[in-house]
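S.K.: Protein sequence lines, in the order shown, are assigned to chains C and D. For the working numbering, count along the first sequence from 1 and bump the result up by 44. For the working numbering, count along the second sequence from 1 and bump the result up by 44.
These are calculated hints, taken from the structure and not from any lab test. Accuracy of the hints is not assured; some may be wrong.
It does not matter which identical chain is meant; a pair holds if it fits inside one copy or across any two.
The calculated DSBU-like cross-link candidates involving lysine-lysine, where the alpha carbons are at most 30 Å apart (straight line), are [stated by the list, open to error]:
1. 252 - 46
2. 449 - 246
3. 414 - 345
4. 46 - 248
5. 246 - 46
6. 46 - 293
7. 193 - 243
8. 345 - 408
9. 449 - 361
10. 414 - 361
11. 269 - 205
12. 293 - 238
13. 58 - 349
14. 248 - 238
15. 164 - 202
2 protein chains.
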Amino acid sequence: MKNLNSLYSELTLKTKSKLVLVVLDGVGDIATRSQGYLTPLEAASTPNLDALTQDAAQGRLTPVAPGITPGSGPGHLGLFGYDPLEFEVGRGVIEALGLGVELKAGDVCARANFATLDAKGIVTDRRAGRIPTETCEKLCAKLAAKIKKIGDTQVIIKAGKEHRFVVVFRGKGLEGPLTDADPNREGFAIPTVKPRDAKSAKQKKTAKLVADFYQAALPILAKEKPANGFLMRGIAHQPEIPSFEERYKLKAAALAVYPMYKGLSQLVGMAKIEGPQTIEEQFQRYLAEHDNYDFFFIHYKYTDKAGEDGNFEAKKKAIEDFDAALPILLEKRPDVLAITGDHSTPVAVHGHSWHPQPVLLTSKYSGSDKLDRFTETGANLGSLGLFDAKYLIRLMQANALMFDKFGA
Amino acid sequence: MKNLNSLYSELTLKTKSKLVLVVLDGVGDIATRSQGYLTPLEAASTPNLDALTQDAAQGRLTPVAPGITPGSGPGHLGLFGYDPLEFEVGRGVIEALGLGVELKAGDVCARANFATLDAKGIVTDRRAGRIPTETCEKLCAKLAAKIKKIGDTQVIIKAGKEHRFVVVFRGKGLEGPLTDADPNREGFAIPTVKPRDAKSAKQKKTAKLVADFYQAALPILAKEKPANGFLMRGIAHQPEIPSFEERYKLKAAALAVYPMYKGLSQLVGMAKIEGPQTIEEQFQRYLAEHDNYDFFFIHYKYTDKAGEDGNFEAKKKAIEDFDAALPILLEKRPDVLAITGDHSTPVAVHGHSWHPQPVLLTSKYSGSDKLDRFTETGANLGSLGLFDAKYLIRLMQANALMFDKFGA
Numbered sequence: 045m046k047n048l049n050s051l052y053s054e055l056t057l058k059t060k061s062k063l064v065l066v067v068l069d070g071v072g073d074i075a076t077r078s079q080g081y082l083t084p085l086e087a088a089s090t091p092n093l094d095a096l097t098q099d100a101a102q103g104r105l106t107p108v109a110p111g112i113t114p115g116s117g118p119g120h121l122g123l124f125g126y127d128p129l130e131f132e133v134g135r136g137v138i139e140a141l142g143l144g145v146e147l148k149a150g151d152v153c154a155r156a157n158f159a160t161l162d163a164k165g166i167v168t169d170r171r172a173g174r175i176p177t178e179t180c181e182k183l184c185a186k187l188a189a190k191i192k193k194i195g196d197t198q199v200i201i202k203a204g205k206e207h208r209f210v211v212v213f214r215g216k217g218l219e220g221p222l223t224d225a226d227p228n229r230e231g232f233a234i235p236t237v238k239p240r241d242a243k244s245a246k247q248k249k250t251a252k253l254v255a256d257f258y259q260a261a262l263p264i265l266a267k268e269k270p271a272n273g274f275l276m277r278g279i280a281h282q283p284e285i286p287s288f289e290e291r292y293k294l295k296a297a298a299l300a301v302y303p304m305y306k307g308l309s310q311l312v313g314m315a316k317i318e319g320p321q322t323i324e325e326q327f328q329r330y331l332a333e334h335d336n337y338d339f340f341f342i343h344y345k346y347t348d349k350a351g352e353d354g355n356f357e358a359k360k361k362a363i364e365d366f367d368a369a370l371p372i373l374l375e376k377r378p379d380v381l382a383i384t385g386d387h388s389t390p391v392a393v394h395g396h397s398w399h400p401q402p403v404l405l406t407s408k409y410s411g412s413d414k415l416d417r418f419t420e421t422g423a424n425l426g427s428l429g430l431f432d433a434k435y436l437i438r439l440m441q442a443n444a445l446m447f448d449k450f451g452a
Numbered sequence: 045m046k047n048l049n050s051l052y053s054e055l056t057l058k059t060k061s062k063l064v065l066v067v068l069d070g071v072g073d074i075a076t077r078s079q080g081y082l083t084p085l086e087a088a089s090t091p092n093l094d095a096l097t098q099d100a101a102q103g104r105l106t107p108v109a110p111g112i113t114p115g116s117g118p119g120h121l122g123l124f125g126y127d128p129l130e131f132e133v134g135r136g137v138i139e140a141l142g143l144g145v146e147l148k149a150g151d152v153c154a155r156a157n158f159a160t161l162d163a164k165g166i167v168t169d170r171r172a173g174r175i176p177t178e179t180c181e182k183l184c185a186k187l188a189a190k191i192k193k194i195g196d197t198q199v200i201i202k203a204g205k206e207h208r209f210v211v212v213f214r215g216k217g218l219e220g221p222l223t224d225a226d227p228n229r230e231g232f233a234i235p236t237v238k239p240r241d242a243k244s245a246k247q248k249k250t251a252k253l254v255a256d257f258y259q260a261a262l263p264i265l266a267k268e269k270p271a272n273g274f275l276m277r278g279i280a281h282q283p284e285i286p287s288f289e290e291r292y293k294l295k296a297a298a299l300a301v302y303p304m305y306k307g308l309s310q311l312v313g314m315a316k317i318e319g320p321q322t323i324e325e326q327f328q329r330y331l332a333e334h335d336n337y338d339f340f341f342i343h344y345k346y347t348d349k350a351g352e353d354g355n356f357e358a359k360k361k362a363i364e365d366f367d368a369a370l371p372i373l374l375e376k377r378p379d380v381l382a383i384t385g386d387h388s389t390p391v392a393v394h395g396h397s398w399h400p401q402p403v404l405l406t407s408k409y410s411g412s413d414k415l416d417r418f419t420e421t422g423a424n425l426g427s428l429g430l431f432d433a434k435y436l437i438r439l440m441q442a443n444a445l446m447f448d449k450f451g452a
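Bound conformation, chain C alone:
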């Protein structure tokens, strides 16, 4: 049986096409009674998106598999064409990316919580009373000042919000995943981490490193109140992922505002374009960088944020703001433009969901589905049907005429 990704690679031709993937984070939604059976996309006024649909195909993307709600990691990896079931990115890695740590291949990352321990080392509060962010930053700085290395391994400590922080171990021969240094409930001691794969010498070495880190760090926190301890979870290394350019023969750049999405795009080797803070600025920068790259990933966060807050009006407004900025992008209309989400974040769910997100694809060869608008209901009628998110880039490549014919 021929491997499909190998086939795509064999057929790939280098072209001069420009491809743009716009991710409206969490844009997909559901129509419920309390929303008058309208989704935010349906309720929003989107004259520019509407105009695009005339020459576009639509469909819906299954982010991972039916019923699976993805985090931002699997959601974006899928959109970037990497099967999220094949390329797993540990939570520690995602958390580190989210805090803007620039990772290197092989780095082992852990998400950590400050916690409260009693005299016997029993966890009495897994979140140390949700200490303020400033306290967290102070404690992280203290740890970082005293622990720069453990043996030959560099230790990077970075504070997050409230009680959260991340620890990154950078050295040779390290590997995750490890079990958690977290009893997952109060009243128990912090368990010693173990290799997930008992046969892995690298995991064994990394588990020893984490134990040594605890040995060094706990005394430093001993007199702190209430954060005299900490838990570590999702301990994993940055996986080896074939680079985007290698896989697609496309030189890619990311225009993202939030560290998490910059980080995810860097995982697959996209160039990071720094500076833009608004979608208008992102589009302006696309115009400026147009000739420097073949592929642009443009990330827009606010649709997801409003969905997480369960705020229908805010989500509708975020879509309208995006629509208003769209003409800037279209000043240099890409050969292939796809607009979609990394998943749905329905207002009624107040969080990410499994509902397939709508996708719009426009190119000289997309054909027209003769739909008036880009909405979930419209996308149900489109020619692209329902398909796995990991194929979107392949369809974009096809639309850029980047694939030779298969067989005679």
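Here the structure of chain C is known, so what remains is to put chain D in place on it, guided by the hints.
M.R.: Positioned in the frame of chain C, the structure of chain D alone reads:
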């Protein structure tokens, strides 16, 4: 995990149903602005197809995988229910089939070009100035007269158009694929072919055979101008494919006009019905042969031809001609009738494409999708949805009540 094809086989019942698969080659298209947002199927007047849709289900077929544009080989193998990623048919084989060579299992085929060599054997023109077809035929006859066998292996040489021809090696213990005897650009000598799999003794033997063929053939051409040499590519053997009858318990016949499609149907063991030259004659012959087979594959070429030419009016006309002939077929309405393409050949693309082709399926049990017409846009709304072409025959079998229930 149960193997799906094994399951289908276990469940298959022999019935008296007649199943007909009509392939309107490349019928799928896209609606573009310059075509007034109509596809040829939409623009054509098709009263007979329209009447069929009342009692039909519709959907769209992914010929191979998202974004992959198939050649006729993978396109038809998929329609015949053989995964094109599992059953690869080399270009040499396809070319030989296209020229009407009747292949046997194990035959190794190569597509060949006459070329011009300088005194040192350097390729100076990979197409020998595109010599006229008559010259090609003359040279092939000359080679064929002098080289009938190499060792125990029979050699079959057949001329194609202009500089093109095919060479078939028929003997024991032969196998492809081999690397090409083609530098792929001018200014280089013809490389010696090598096994693709260095461990295959059969490929090694076949590579030696090709070298011996060159040794025998080049002196025969030495004084020709400009075709004093030749290149060989896509050297592969006819793969072993489980026969259609074995796989589906259906005795199948092919009603195709062009050699390529006769050949492809023979690859899976369909009977070849010779004679008919027009779609009317093909349908007439179906009526005459109705009782002799369970399954008919009827191939109609002209939709593809018009698409390749980028000729909207010709494609529309080809569809209308087909529609006008359809009542002949319906004189003995099959129990299950599927009408589709092997891929799309959009007018705007001037060639095969990746766009899923529409499919119409009508039987006593197809149900009605209550669509007025058979078009790409209509098919988007159908109950069959978007699915892989390799499952179409299974759906046809189900509609013929050829499958027992799975489990109690």
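S.K.: The structure should be examined with respect to each hint, and the outcome stated for every one.
M.R.: Each hint tested on the structure:
no.: 1; hint: 252 - 46; in the structure: between (42 Å within a copy, 27 Å between copies)
no.: 2; hint: 449 - 246; in the structure: between (44 Å within a copy, 29 Å between copies)
no.: 3; hint: 414 - 345; in the structure: both (29 Å within a copy, 28 Å between copies)
no.: 4; hint: 46 - 248; in the structure: between (37 Å within a copy, 22 Å between copies)
no.: 5; hint: 246 - 46; in the structure: between (33 Å within a copy, 21 Å between copies)
no.: 6; hint: 46 - 293; in the structure: both (20 Å within a copy, 27 Å between copies)
no.: 7; hint: 193 - 243; in the structure: within (26 Å within a copy, 50 Å between copies)
no.: 8; hint: 345 - 408; in the structure: both (28 Å within a copy, 26 Å between copies)
no.: 9; hint: 449 - 361; in the structure: between (43 Å within a copy, 26 Å between copies)
no.: 10; hint: 414 - 361; in the structure: both (26 Å within a copy, 23 Å between copies)
no.: 11; hint: 269 - 205; in the structure: within (18 Å within a copy, 80 Å between copies)
no.: 12; hint: 293 - 238; in the structure: between (40 Å within a copy, 28 Å between copies)
no.: 13; hint: 58 - 349; in the structure: between (37 Å within a copy, 28 Å between copies)
no.: 14; hint: 248 - 238; in the structure: within (7 Å within a copy, 46 Å between copies)
no.: 15; hint: 164 - 202; in the structure: within (28 Å within a copy, 68 Å between copies)
Checked against the numbered hints given earlier, this structure breaks none of them.
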